[in-house]
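Novice: I would like the entire structure built from these sequences, with the hints used as guidance.
Counting in the working numbering, the sequence shown runs from 1 upward without gaps.
These aren't lab readings, by the way, just hints derived from the structure by calculation.
It cannot be assumed that every hint is accurate.
Below, in silico cross-link-like pairs of lysine-lysine (DSS-like), each with a Cα-Cα straight-line distance of 25 Å or less [what the hints assert, rightly or not]: (1) Lys74 to Lys155; (2) Lys74 to Lys115; (3) Lys115 to Lys155.
Label pairs and their in silico Cβ distance ranges [stated by the list, open to error]: (4) Asp2 to Leu162: 19 to 25 Å; (5) Ile10 to Asp147: 32 to 38 Å; (6) Glu92 to Glu22: 26 to 32 Å.
The model shown is predicted, which means the values in this text are computed figures rather than measured ones.
Yeah, the Cβ is synthetic: ideal placement off N, Cα and C, and Gly gets one too.
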Amino acid sequence: MDSHESETWILQTKELLSKAYEARDFIERAAESFPTAIPTHAIAIARLWQRAEALDEVIATHLVTMNDQLFDGKGEVDATRGASLRSLMVGEELLMYDCTWTLSWNRNTRGIIVKFSIEPEMESLHLRIENLTVAGGQDIRYPLYEDQLADGLAKAYVLEILDD
1 MDSHESETWI LQTKELLSKA YEARDFIERA AESFPTAIPT HAIAIARLWQ RAEALDEVIA
61 THLVTMNDQL FDGKGEVDAT RGASLRSLMV GEELLMYDCT WTLSWNRNTR GIIVKFSIEP
121 EMESLHLRIE NLTVAGGQDI RYPLYEDQLA DGLAKAYVLE ILDD
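Specialist: Here you go:
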């Protein structure tokens with residue numbers, strides 16, 4: 001490992017620690033709604049946030065471009081952090097932490113959602129595109145591969161418009 005790689009690794013570790021402190025506060029708030037949220041999830045959440053920052057530029061840029069060119073800027077682009085429960089089998093749910101980017105239009109009755117999530121125990125990351133009004137969604141390979149995000153967003157847009 002050369003000195004540049006060593007410095008990069010150390011900087012990423014310092015950033016992870018900073019985000020883990022922030023994640024502890026987030027977990028305290030999340031635990032009010034999700035009792036399975038525990039302090040040891042802080043590292044997984046910090047990793048999610050660290051990777052989400054890298055994705056933010058490409059996802060937000062795509063959504064802003066869609067808003068500008070397909071809706072003449074009349075839609076709304078938003079990004080949030082949160083937690084949610086995903087159904088596994090009957091009676092079983094899995095806690096996931098999420099970073100979500102949303103493009104909504106038509107008074108927030110239509111929209112496209114890009115959800116980047118982590119399952120805290122296995123620290124497995126998931127990237128998915130969903131529609132606001134159409135059931136289902138598309139899993140997107142992470143790390144992003146070529147035009148996969150643009151293709152997924154185009155499909156979600158067409159599905160959402162056709163459902164109108």
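Novice: Return the numbers of the hints above that this structure violates; sort them in rising order.
Specialist: When the structure is compared with the hints, only number 4 turns out to be violated.
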